[in-house]
Amino acid sequence: MVPETITPLSDWNSSKTTRRWPSVTIIIAATQTMGMSFERHLPWPKLKREHNYFESTTKRVASNRTMNAVIMGYNTWDKEPTKRYPDRIGVVVTREPEKVRARLRDDHRKGFVHIATSIPGAVELLEKTYPYPNEQEKELWHGSLGPASGNGNQGAYEYGKNDLPCLGRIFIIGGAGFCRDALKISWVDRLLLTRVMADFKSDTFFPLLLDGRGNEQWRRQSDNAFLKWGGADIPIGVQWENGIEWEAYMFERV
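Using the numbering used here, the first residue of the sequence shown is number 3, and each one after it goes up by one.
Hints are computed from structural coordinates only; laboratory data are not their basis. In this text, all values refer to a predicted model and were calculated from it rather than measured experimentally. Check before you lean on any hint, since a few could be wrong.
[Unchecked claim] Below, in silico cross-link-like pairs of lysine-lysine (PhoX-like), each with a Cα-Cα straight-line distance of 20 Å or less:
{"no.": "1", "residue 1": "48", "residue 2": "101"}
{"no.": "2", "residue 1": "101", "residue 2": "85"}
{"no.": "3", "residue 1": "230", "residue 2": "81"}
{"no.": "4", "residue 1": "81", "residue 2": "101"}
{"no.": "5", "residue 1": "48", "residue 2": "203"}
{"no.": "6", "residue 1": "50", "residue 2": "101"}
[What the hints assert, rightly or not] Estimated spans, in silico, between C-beta atoms of each pair:
{"no.": "7", "residue 1": "98", "residue 2": "35", "range": "28 to 34 Å"}
{"no.": "8", "residue 1": "131", "residue 2": "202", "range": "37 to 43 Å"}
{"no.": "9", "residue 1": "109", "residue 2": "213", "range": "36 to 42 Å"}
{"no.": "10", "residue 1": "106", "residue 2": "179", "range": "21 to 27 Å"}
Backbone N, C-alpha and C fix where the C-beta goes; we use that ideal spot for every residue, glycine too.
Sequences and hints are given; from them, build the entire structure.
Listed below in structure tokens is the structure:
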């Protein structure tokens with residue numbers, strides 16, 4: 003796969019705007035050639051511990067009154083059997099919002115699912131709908147240092163009668179084309195990559211070729227920084243599972 007240069011979109015990164023965007027994190031898994039899926043499924047056999055890492059990282063919050071958000075493209079949402087990511091706020095980004103709205107109309111399950119037409123629109127919707135606990139917690143939780151103390155909380159959000167959770171971290175979870183758009187946005191500034199150390203047949207690829215060293219656009223962070231941001235459950239070093247080798251990395255935009 004030929005490495006791709008991602009050019010920022012000036013409309014979303016303009017220094018002329020006074021809008022302060024939050025830090026947003028991409029979290030994905032890919033093969034050595036950056037394959038993400040094959041025929042709408044993961045190319046590799048199920049890796050339970052790697053999946054648990056995704057779940058715990060995207061659910062980890064500062065308190066039970068806080069909930070993280072996962073933003074995804076239509077295809078990623080559509081291939082999820084339940085159309086839900088429990089204990090997380092979901093936002094589906096699509097050019098055809100009515101298509102998603104019609105499918106959700108009769109869905110009365112408890113949870114938070116929204117529709118947007120762009121990544122900036124999704125973030126604006128989240129910030130308008132869900133308050134941050136306070137400015138200090140917002141800075142600590144979104145910043146590269148993570149929470150001030152402790153390892154965060156992976157417990158379920160405590161539902162009240164009519165209340166909404168406070169907004170925690172914001173993740174982008176795919177698919178590949180959606181990630182290509184996200185990489186053009188300067189405030190999408192953290193990338194969590196699980197690299198599966200094998201090459202499985204794929205038909206969808208992450209748009210940047212990365213290994214454990216990073217590149218001129220994305221600098222790999224130390225294991226200590228990864229643990230401080232992600233908590234004690236972060237898998238550090240090479241992992242072996244079902245005869246497959248994989249490793250998780252954290253990169254930050256240069």
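Verification of the hints:
no.: 1; hint: 48 with 101; result: violated (30 Å)
no.: 2; hint: 101 with 85; result: holds (14 Å)
no.: 3; hint: 230 with 81; result: violated (32 Å)
no.: 4; hint: 81 with 101; result: holds (15 Å)
no.: 5; hint: 48 with 203; result: holds (15 Å)
no.: 6; hint: 50 with 101; result: violated (32 Å)
no.: 7; hint: 98 with 35: 28 to 34 Å; result: holds (31 Å)
no.: 8; hint: 131 with 202: 37 to 43 Å; result: holds (38 Å)
no.: 9; hint: 109 with 213: 36 to 42 Å; result: holds (41 Å)
no.: 10; hint: 106 with 179: 21 to 27 Å; result: holds (22 Å)
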